[in-house]
Amino acid sequence: MLLIPCPHCGARPENEFRNAGEAHIARPAEADDAAWADYLYMRTNPKGVFIERWRHIHGCGRFFNCVRHTVTDRIIATYKAGDPRPSLDVLRAWSEHAR
Amino acid sequence: MSGAFRTASGGRIDRTQPILFGFDGRAMTGFRGDTLASALLANGVHLVGRSFKYHRPRGIVAAGSEEPNALVTVDRGGGRLTPNLRATQLELRRDLKATSQNRFPSLDFDIGAVNNLFSPLFSAGFYYKTFMWPASFWKHVYEPLIRSAAGLGRAPTEPDPDRYLHRYAHCDVLVIGAGPAGLAAALAAAETGARVILCDEQSEPGGSLLAETEARIEGRPAAEWAAGVARALAGQDRVTVLPRTTAFGWFPDNLIGLAERVTDHQDRPDPRLPRERLWQVRAREVVIAAGAIERPLVFPGNDRPGVMLADAGRIYANRYGVRVGDRAVIATAGDSGYRAALALLGAGATIAAIADLREDPAGAAVEAARQAGIAIRPGTAIAGSRGGHRVTEASLRRIGGSDRVERLDCDVLLMSGGFTPAVHMFSQSRGRLRFDAALQAFLPGKSAARERSAGACNGRFDLEGCLDEGFTAGAAAAKAAGCGSPRTRRFARAGAVPAPGGFLGAVPGTGKGKAFVDFQNDVTAKDLQLATREGFRSIEHVKRYTTTGMATDQGKTSNMNALAIVAGALDRPIPEVGLTTFRMPYTPVTFGTIAGASRGMLFDPLRHTPIHDWASEHGAVFEDVGNWKRARYFPRSGEDMHQAVARECTAVRMAAGMFDASTLGKIEVVGPDAATFLERMYTNAWARLAPGRLRYGLMLNEAGFIMDDGVIARLAPDRFHVTTTTGGAPGVLNHMEDYLQTEFTDLKVWLTSITEQYAVIAVQGPRAREIIAPLVEGIDLSPAAMPHMSVQTGQICGVATRLFRVSFTGELGFEINVPADHGRAVWEAVLQAGAAYGIVPYGTEAMHVLRAEKGYIIVGQETDGTVTPADAGLDWAIGKAKKDFVGKRSLSRPDIVAPGRKQLVGLLTHSPQEVLEEGAQLVADPHAEIPMRMIGHVTSSYHSAALGRSIALALVADGRSLLGQTLYVPMPDRMIAVTLVAPVFYDQEGRRLDG
Ligand SMILES: [Zn+2]
Chain A
32 MLLIPCPHCG
42 ARPENEFRNA
52 GEAHIARPAE
62 ADDAAWADYL
72 YMRTNPKGVF
82 IERWRHIHGC
92 GRFFNCVRHT
102 VTDRIIATYK
112 AGDPRPSLDV
122 LRAWSEHAR
Chain B
3 MSGAFRTASG
13 GRIDRTQPIL
23 FGFDGRAMTG
33 FRGDTLASAL
43 LANGVHLVGR
53 SFKYHRPRGI
63 VAAGSEEPNA
73 LVTVDRGGGR
83 LTPNLRATQL
93 ELRRDLKATS
103 QNRFPSLDFD
113 IGAVNNLFSP
123 LFSAGFYYKT
133 FMWPASFWKH
143 VYEPLIRSAA
153 GLGRAPTEPD
163 PDRYLHRYAH
173 CDVLVIGAGP
183 AGLAAALAAA
193 ETGARVILCD
203 EQSEPGGSLL
213 AETEARIEGR
223 PAAEWAAGVA
233 RALAGQDRVT
243 VLPRTTAFGW
253 FPDNLIGLAE
263 RVTDHQDRPD
273 PRLPRERLWQ
283 VRAREVVIAA
293 GAIERPLVFP
303 GNDRPGVMLA
313 DAGRIYANRY
323 GVRVGDRAVI
333 ATAGDSGYRA
343 ALALLGAGAT
353 IAAIADLRED
363 PAGAAVEAAR
373 QAGIAIRPGT
383 AIAGSRGGHR
393 VTEASLRRIG
403 GSDRVERLDC
413 DVLLMSGGFT
423 PAVHMFSQSR
433 GRLRFDAALQ
443 AFLPGKSAAR
453 ERSAGACNGR
463 FDLEGCLDEG
473 FTAGAAAAKA
483 AGCGSPRTRR
493 FARAGAVPAP
503 GGFLGAVPGT
513 GKGKAFVDFQ
523 NDVTAKDLQL
533 ATREGFRSIE
543 HVKRYTTTGM
553 ATDQGKTSNM
563 NALAIVAGAL
573 DRPIPEVGLT
583 TFRMPYTPVT
593 FGTIAGASRG
603 MLFDPLRHTP
613 IHDWASEHGA
623 VFEDVGNWKR
633 ARYFPRSGED
643 MHQAVARECT
653 AVRMAAGMFD
663 ASTLGKIEVV
673 GPDAATFLER
683 MYTNAWARLA
693 PGRLRYGLML
703 NEAGFIMDDG
713 VIARLAPDRF
723 HVTTTTGGAP
733 GVLNHMEDYL
743 QTEFTDLKVW
753 LTSITEQYAV
763 IAVQGPRARE
773 IIAPLVEGID
783 LSPAAMPHMS
793 VQTGQICGVA
803 TRLFRVSFTG
813 ELGFEINVPA
823 DHGRAVWEAV
833 LQAGAAYGIV
843 PYGTEAMHVL
853 RAEKGYIIVG
863 QETDGTVTPA
873 DAGLDWAIGK
883 AKKDFVGKRS
893 LSRPDIVAPG
903 RKQLVGLLTH
913 SPQEVLEEGA
923 QLVADPHAEI
933 PMRMIGHVTS
943 SYHSAALGRS
953 IALALVADGR
963 SLLGQTLYVP
973 MPDRMIAVTL
983 VAPVFYDQEG
993 RRLDG
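So the protein lines, in turn, are chains A and B. Under the numbering used here, the first residue of the first sequence is numbered 32, with each subsequent residue one higher. Under the numbering used here, the first residue of the second sequence is numbered 3, with each subsequent residue one higher.
This list has only true hints and no planted wrong ones.
Incomplete in silico selection of chain B near chain A, CB under 7 Å:
#, residue
1, Asp255
2, Leu257
3, Ala705
4, Glu745
5, Arg891
Label pairs and their calculated CB-CB ranges:
#, chain 1, residue 1, chain 2, residue 2, range
6, A, Glu53, B, Gly733, 13 to 23 Å
7, A, Glu47, B, Ala494, 42 to 52 Å
8, A, Asn50, B, Lys884, 27 to 37 Å
9, B, Gly733, A, Gly41, 25 to 35 Å
10, B, Glu758, A, Ala108, 30 to 40 Å
11, B, Arg218, A, Asp120, 52 to 62 Å
12, A, Pro59, B, Thr652, 47 to 57 Å
13, B, Arg169, A, Asn50, 18 to 28 Å
14, B, Glu779, A, Gly41, 45 to 55 Å
15, A, Gly41, B, Asp16, 48 to 58 Å
16, B, Ala984, A, Glu53, 40 to 50 Å
17, B, Trp878, A, Glu53, 32 to 42 Å
18, A, Val102, B, Thr795, 51 to 61 Å
Since the hints were made in silico from the structure, they are not lab data. Beta carbons: idealized from backbone N, C-alpha and C, even for Gly.
Turn these sequences into a full structure, and let the hints guide you.
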């Protein structure tokens, strides 16, 4: 069971949270059919560093963003919803050097 | 009195406490401190089971949790039946009753042993080869055959009456294993003030020290030192010492699962205690001090009762005062055989010879054996054994010499291929193993979790090294956990230093016969070689094909030998072939421990409405809806469901009925932007809905499909009372929060679940207004003041209410929302007031029929996540002028507007009393070739009392253009003709809404 650092509450066990899919997928104001289908259904699903959303549903109730390595399951960072997306290159470099 | 093979003195057993126990119905005596295995051996019993495939007689091999053979069933009475317990871990207690397994009819005479004669059938991959074809044989021939012939203990048939508990714990340092390394680690960590948990699978801390007779630590005998250290640790507030506790699983972020056996060893279990306890320990740092496991030698006949691991023979002698035989032959690849020989000699046995695979054995242990006059055969392999239910002879052969074998009589044959570090927990933590060529062992390499290994599991086999490495690891763990450092400490110790040494794979130059690698799954060296000849290359594939390492012991004693044999057959180095994955649990964990308190009524939360007890007292039949218990119908005496539902429906249409709608989800949406928020979350228009009015709300997901629906009341310009479906409530709130928090962050809105704050009583029927009128205060119920789809606040029966005028039946109706605590009182008052009008309580079944008569959909019944508003005939609920709402953009996607989509229609069977099956398919041509083209399916189907016939709703491709036409519902035995109609069967004009 992961220990997830909620940016509002601190580290809590995974069963207090619910995963909410890939992060930084903005709802387009205007979109042609292809772009709209992309928004609805297409996700990156990478092997490696991934930014996803979690909700601290049995805690503060807030959605936040989380950087997780999908191979090691290690959580690299969490930050509040609305905060800017961190650079993936930096995160990848960081996770390479982390033990 | 406690067995002919008990030594006169010595060991950690309490000779003042004899204990009577039973094995296969035979009464025997042991001592307090014995395991079942040591007590059986003290009575001369080696034969304890039959093997898995060949039903070969098998004996006790080991002295610890790695035991592959000695699995027994213990019956503690009253349904307390536990199969597959290792006799080597089972502490003796008064009246212990154990039985051997996998034999029929008895251990001495086993019918299944004929399998042994047919063993060619059971070679590598026999499951895949033998039981392949024809497929129809599986159910009636193969499966029963496999089940009767194979298998371990039988599962209990009665419910387990014992209690099991879960505990959560946090600590700075968790130490796994309380041998020398673990004790030293715990001492170091505890000294820094760290919170320490020390767990060990054995009955007392000490590990290997419990069988030490010569070594001394800090001036005291090793076992005494261990007991003193464990006592001192347990006496500290911040230290928890857990004996009989197995660390069985490693989960992400240092969550370790421990299984504690609390009462099984007690003569009379304390009823206040659970039988077992699951600990979920979140540890900042972990020290793994799990020790090492001795390897058997792979040679023909290595599975006869009486063939044991050498160190097990030494442990039985030193720790339990048991001589495992009178005349021993010892086959070894290192010092362990010599230490065992000396221990057996001390216990009164004769040592026929030690056969050492090494050409030039040397060192303190070898010297000591030589001095004791033991015959040593260097460069000699064990070639085979003889014996029926017990080994009687061992044959030795000089390696590289002639074919001449030396036959020696014996009643016990001890073997040692060296020790395999127990890297299971390290590997479970996703650490990477590295192969140490000098030790010929896999050792912990690169860590993935916050842990460190110390002692034998890290390849340190000398006592001094274990103590020092353990202390260093404990100190480092405490420091990494932020707890400071202990003073340095050296453990003065005295005793022999064992020389490393070992052998992997099949012993060379052996004769014919089965040489077992995996005892528990009956896998031989030949099976593994055959698998490689048949083309298997990956060790993971060999494992599955031969089933080696797949038994309940997960190959603790067999994996390294199997790997070496496969590597040899493939002519590749061991590290290139690689190890199979170590998985939890380290040793089997009972279902009780995993389930804990989550069984019976506590298996899943149950939700009861405030009116539940009333319904229960009045004979309601309940159904499960999500976690809710809902009254389905209220049968009167002699009524079946059909009759009860018909009566309830008729009452609603003719007079009035009342329905417990408390399970409906309720969300209060409050704030200056509440209306704007609902505009975006629902398809309908809300901005101009006046306070005091209700509106049906339709919620879509972003893909344009119906997600939920419900009636929404505007109580004030900035306050809405939203209702959702019963099952959809949590999802709707989550969906709303998601958009509020991450998309529409500009809106000032607060969402509060009020589902459980309100009881909801629906009063429906032409007499509804008259019935509630006398109970209501401060609300004008007249049609002018309170028309259909309106809400008023006031009082009912003296309780504050949000009174909705709304109908889910097509009749005049009200929904009375009152604080949950008053729900039952108001329910009973309404019932009483309605008695004179013929009011009846109705359940969910009548509710379903009544709404289906009106063509009202139920989300999740008429919809399945692929139904759009247009498909369901709900276009009218879409605010056409709205710029945006969730799902709007998707409603113009090409496949959503394309023809051919399934549309909601009504069905009338040509034979009016025929009630269709929900889920049945519809076809246009009853004579079409099978498989027929299916153009729709039945979503709801009932008998309608009001119409005196059956009705159904269905989703049919382009259904609205097919109204009036006949379609067919194919059933296994017939074809049912139906006519498509508009999906409103009753009161199409809606006149009844006003009573
Ligand atoms: Zn939180």
